[in-house]
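Taking the hints into account, I'd like the entire structure generated from these sequences.
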Amino acid sequence: MKNAAPISLCLIAAVGLGVWGGWEHHLRLKLEKELKMVSTERNTLLETANKKVALGSKTQVRPEGPEGLGPEHAEALKAEQEKGKTPKAESSNPFGEMMGKMSKDPALRDAMKAQTRGQVDYLYRDLMDMLELAPDKRDSLTKLLVERTSAGAELGMSMMSGKKLTPEELKAQSETVRKQLEESDKHMKELLGEADYQKFDRFEKSQPERMQLNTLTSQMKEAGLPLTPQSEDQLMDAMYEERTQFKFDENLGDQRNPDLTRFTDENIQRYQEQTGQLRAKIFDRASKILNPEQLDVFRKSQESQAAMEKMGMEMASKMFGNSKEKSGGN
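Read in order, the letters of the sequence shown correspond to residues 7 to 336 in my numbering.
There may be inaccurate statements among the hints.
Said to hold, decoys possible - Distance windows between CB atoms, simulated: (1) R131 to E188: 19 to 27 Å; (2) E175 to G230: 51 to 59 Å; (3) A229 to E196: 41 to 49 Å; (4) A229 to K195: 37 to 45 Å; (5) D116 to F289: 42 to 50 Å.
These are calculated hints, taken from the structure and not from any lab test. We put the beta carbon where it would ideally sit given N, CA and C, even for glycine.
What follows is the structure in C-alpha cells.
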C-alpha cells in the first residue's frame, strides 16, 4: 500500500502506525480545540443515553449515570421480572456503539470524506505543485487519493464500532482493502504517466520523514534554533536512508501492507524495540548535522514521537482484536 490510507486509518481509529509524531505542531493545537468540542458533545450523548437507560431499566437518573432503584419503581421492576423480562442494561461500549452508528450515517460518512479531502489537500499540495498538474488532473488525483484513503478509514471505523471479527474475517477485509488500493494505484499510473508516477512514489515513501521534519522545523523555530536548508536536506536524507535500510522482523509501519492481523502483542513489542534501535541510529546521524542545542530539541521530538507511537500501537492491537487481553490469552 503506497499511500496514506493506513495513516488516516490510524488517525481516525487511534491506530499506531507511527504517524502520530508526524502531525504539524500547529495542527496539534487545532486538534486539542476540536477534542474539547467532541468531549462536550460526548457528554451530552452520554447524558441522553443515561436517561434512556434509566427509563428502560426503571432506575434513578444521576449526573454520573443511572444508579439504584427508586421505591416507586420496585413494583414495576418486580412485575417485569416475573414476566421473564430483564431490565435494560447499560451498554458496555457506548463509544463503540456511537462509532457504529456514525459509520452507517450517510451524512456523517460524507462529512468524513470531506475531512479526508482536506487532509489529502494538505499532505499532497507540495507534490501537486511540484508536478505542475493541470486543474483537471489535480482534481482526478485528489479524488483517487481520497477514495483509497477512505477505504482504509472505513475499515478502521468498523473496528472502532466494537464489531468483533475472527482473524479470518479480519484478514479477508484487509485483503479487500489491499485490492482496492492496488486498483487505485493502477489508475494513478495511468493518470500520471511513468515519470510523474515515480516522483509521486518517492514522495509517498518519504512522507513519514517529511512530516517529522515539518514538526521538528516548527519546534526548532519556537526554540529560536532554526534549521538551515542544508541541515533540513541532510536530516531528511539521513532519516529516510536509515528507515528504508533497517530490517524489521515485522514492519508494522509498512504502508504497503494492509494486513491488520499483524498487530499482535508480540509483534508490537518487537517492533517497538526495533524502532528504538532505529531512532538510535538516526540520532547518531543527527548528532553530526545539528549543534548541541538543536540536538536536544531533536531528542525530545523523537521521544514524543516514540510515546505517541507506542500508545497508537497498543490501541491498534486492542481494536483489531489481537491483544492477549482481548483474546483471552495469558
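Inset, instruction - Determine which of the earlier numbered hints do not hold for this structure and return their numbers in increasing order. - result: Of the numbered hints given earlier, the structure breaks none, since each of them holds.
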